[in-house]
Amino acid sequence: MNRLFMLALLATLLSGCASLSASSAWKDRPVGELIDFFGVPRQIMVAPAEDMVVLRYVRDSSYVSREAAGTYTGPQSGQLVHAEYWEDVQHSGSCEINVFVNRARLVQKVLTKGRCVAVEMAPAG
Amino acid sequence: MIAFTRHLLPVALLCSALSAQASEVLKGDFWVVYHQGALGKNQVFIADGDPTHIVNRPGGAKSLGVYQLYEEPGKPNFTAYDVEIDCAKNRVRIMGAADFRSVFNELRNTKYSSQWQSKPDTWLVQSRDFVCKPTERQAKKMEHLGVMSASQMSKAGPQFFEILNREAAKTAIMQKIDEGFAQMPAK
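Chains as they are written, first to last, in my numbering: chain A, 26 to 150; chain B, 261 to 447.
A short list of chain B residues far from chain A (calculated; beta carbon distances all over 12 Å): (1) A298; (2) Q328; (3) G334; (4) S362; (5) F364; (6) Y372; (7) C392; (8) Q412; (9) P418.
Computed spacing ranges between beta-carbons, pair by pair: (10) G334(B) to Q68(A): 25 to 35 Å; (11) Q412(B) to P73(A): 45 to 55 Å; (12) Q412(B) to G95(A): 55 to 65 Å; (13) A149(A) to A348(B): 47 to 57 Å; (14) A74(A) to K393(B): 52 to 62 Å; (15) K430(B) to D113(A): 34 to 44 Å; (16) R426(B) to D53(A): 22 to 32 Å.
Quick caveat, the hints were computed from the structure, so don't treat them as lab data.
Yeah, the Cβ is synthetic: ideal placement off N, Cα and C, and Gly gets one too.
Start from the sequences and build out the full structure, keeping to the hints where you can.
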């Protein structure tokens with residue numbers, strides 16, 4: 026139970042890190058540059074409370090991991106053997122990126138939700 | 261014979277580029293002189309600005325090779341035009357046109373009017389200005405692609421269309437952002 030909690034906490038922290046680094050990379054940059062990088066958003070919404078428009082992007086962050094599928098211990102060809110079986114397991118995941126744009130068409134903040142660690146948030150360099 | 265070859269320079273350029281046996285491929289100095297269309301239906305007009313390929317014709321006119329590249333499926337890969345330009349009289353006409361389809365790997369003559377055009381299409385106006393007003397090329401939003409073979413130039417089309425479509429999509433997104441702000445009273 027504790028382990029699950031720790032994993033959830035770690036995921037939340039990592040997601041927060043993605044938000045922070047994305048926000049600092051894009052802060053005060055023209056939204057046109059962000060569109061060049063991220064492409065067409067899935068949704069465009071308004072955030073009246075903040076007087077901003079929000080561009081929502083969703084990235085697939087599914088991944089495959091190799092996991093133990095089972096073991097066998099017993100006789101085989103006249104010998105006692107111990108075998109481990111592994112298989113590729115597909116994990117679904119997605120990363121939601123919300124980009125807040127002010128009236129000057131400048132990016133003010135980028136908030137991420139979900140599995141965003143492997144998602145590139147800004148051009149390298 | 262020389263005159264004949266020069267008359268068909270756009271075709272000659274292309275054929276040399278397509279010929280696998282060609283030991284030396286003729287190259288042009290290509291410029292995008294105009295583009296038109298919409299998402300998925302863009303067309304781009306590319307002129308060969310190599311001074312040795314812009315040939316003088318009797319009467320003071322000049323011949324320019326222009327290629328019209330299409331994005332739309334079902335259209336030829338491009339149409340090669342021999343465009344005649346008379347700078348002194350500020351007029352332009354088409355003296356030859358051939359479609360190229362890569363599936364057949366051949367050029368096929370296509371219909372055109374060889375009359376001097378009283379109301380030329382924008383791409384013809386741009387082609388005329390390309391030759392007659394070379395110092396205004398940048399002001400008229402013409403883009404230099406560089407020196408390359410005709411087959412390389414034809415491959416630039418899809419890249420150019422990608423840029424045009426990206427820009428069109430970006431403009432649409434910017435418009436949506438404007439609409440979003442219009443919905444909210446300014447604080």
